[in-house]
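Novice: Whenever a hint applies, use it, and build me the whole structure from the sequences.
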Amino acid sequence: MPQLYTLLLGASGMTGKIVLQQLLSLPSYFPLIDLPLLTSPVNLEHHIVVITRSQLDVEEEVQKQFKLLEKSDLVDWNYSYDRDGNEIVYSTTVLNEISISVKINITAIKEPDSTKWAHMIPHHISISDPLANLSIISCLGSTSSSSKKSGVSREWVDKTLNLDILKSVLNNDSLSQKLSQYFLMTSFNNFAISTIFPYFKSKKDLETTAEKLLRDHRASITILRPGPLVGRHGYLTPFVVPELDDHLVHSIYEYQKAILRHYTKRINEWRKVGVATRASEIVAKVSYNMPCGLLLGYPVKAEDCAFVLVTERMKHFKSTSLEPRKVTYFSSQQIDSYKEKIEAHI
Numbered sequence: 001m002p003q004l005y006t007l008l009l010g011a012s013g014m015t016g017k018i019v020l021q022q023l024l025s026l027p028s029y030f031p032l033i034d035l036p037l038l039t040s041p042v043n044l045e046h047h048i049v050v051i052t053r054s055q056l057d058v059e060e061e062v063q064k065q066f067k068l069l070e071k072s073d074l075v076d077w078n079y080s081y082d083r084d085g086n087e088i089v090y091s092t093t094v095l096n097e098i099s100i101s102v103k104i105n106i107t108a109i110k111e112p113d114s115t116k117w118a119h120m121i122p123h124h125i126s127i128s129d130p131l132a133n134l135s136i137i138s139c140l141g142s143t144s145s146s147s148k149k150s151g152v153s154r155e156w157v158d159k160t161l162n163l164d165i166l167k168s169v170l171n172n173d174s175l176s177q178k179l180s181q182y183f184l185m186t187s188f189n190n191f192a193i194s195t196i197f198p199y200f201k202s203k204k205d206l207e208t209t210a211e212k213l214l215r216d217h218r219a220s221i222t223i224l225r226p227g228p229l230v231g232r233h234g235y236l237t238p239f240v241v242p243e244l245d246d247h248l249v250h251s252i253y254e255y256q257k258a259i260l261r262h263y264t265k266r267i268n269e270w271r272k273v274g275v276a277t278r279a280s281e282i283v284a285k286v287s288y289n290m291p292c293g294l295l296l297g298y299p300v301k302a303e304d305c306a307f308v309l310v311t312e313r314m315k316h317f318k319s320t321s322l323e324p325r326k327v328t329y330f331s332s333q334q335i336d337s338y339k340e341k342i343e344a345h346i
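With the first letter of the sequence shown counted as 1, position 106 gets the number 106 in full-length UniProt numbering; the numbers rise by one all the way through.
It should be emphasised that the hints constitute simulated quantities derived from the structure, not laboratory data.
We treat Cβ as the ideally placed atom computed from N, Cα and C, and that holds for glycine.
Heads up, some of the hints might be wrong.
[To be verified] Between beta-carbon pairs, the in silico distance windows are: (1) P36 to N78: 19 to 25 angstroms; (2) K116 to P36: 44 to 50 angstroms; (3) K326 to L32: 21 to 27 angstroms; (4) N172 to N78: 33 to 39 angstroms; (5) P41 to T311: 23 to 29 angstroms; (6) Y255 to T311: 41 to 47 angstroms.
Specialist: Structural data, given as structure tokens:
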């Protein structure tokens, strides 16, 4: 079976981190294994390359997947993680003789200066398999708060950086020949708002330019246009219950201190993410599946966007013999109903 290669951009963002979690999850690979029709051993290899400004804790994400696997009914599967090589191996044997192995290798690149990313990325994707299948999944985006803190404009991150990275891949003959699909997260849009608001104009320009760059290339394009995202930027700090003893007054004091520490961390998280960003999260959550949501562009869950991206990536790999549509768009309504339609066909 040809090797999969996926370049994931925006892995530390709201949707990108869920995409990474799903790419590390064993069930995401079941459509490629096709157990009911299996007659010979399967050795599947997936190389995932991510690049972020801050350190990405790959092991933490892997352990999350292992815990979910422990609670599932997939008891016949073995799994291991090689910290040195950042490699997950899922394996099992079916019908007493057919072996299945799924290897997932993660290359995590930390580079605080994102102006270097386009130049660096081709040097970190080494493909030896002539039949390898490369996809780019871009969830790159910036918030108003992160833009102010970094001094980098939202337009540069949302549009210019995306296009620079795509150009760097296309200008590399080896990678360009392997690139089969380009996935892009933009935003709901129309002619009116893209004319009035610079943010939506840059998203529209990104789509148009990406389509031009890939017009004569064999790669197909999948563009998600979600409305406000229901989800959470950053990480939610859990409340840590302090150790209590038999002394009531002392225990109350320690509990109060723990509450104070917890809410101090929560306030710092708000400041780090930005009040405007947190407010938009609340608005999206409250208006999700409500009539008023249509006025905001139809809010949709970030995890549903991730599910579409990962499922379409796997589906495309499985159906490489078929001629895909050059450009496929997913609106918020289509993203919202996608999982239900997929499960209805299983």
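Novice: Now look at each hint and say whether the structure bears it out.
Specialist: Verification of the supplied hints:
no.: 1; hint: P36 to N78: 19 to 25 angstroms; result: holds, 21 angstroms
no.: 2; hint: K116 to P36: 44 to 50 angstroms; result: holds, 47 angstroms
no.: 3; hint: K326 to L32: 21 to 27 angstroms; result: holds, 24 angstroms
no.: 4; hint: N172 to N78: 33 to 39 angstroms; result: holds, 37 angstroms
no.: 5; hint: P41 to T311: 23 to 29 angstroms; result: holds, 25 angstroms
no.: 6; hint: Y255 to T311: 41 to 47 angstroms; result: holds, 45 angstroms
In this structure, none of the earlier numbered hints is contradicted; all agree with it.
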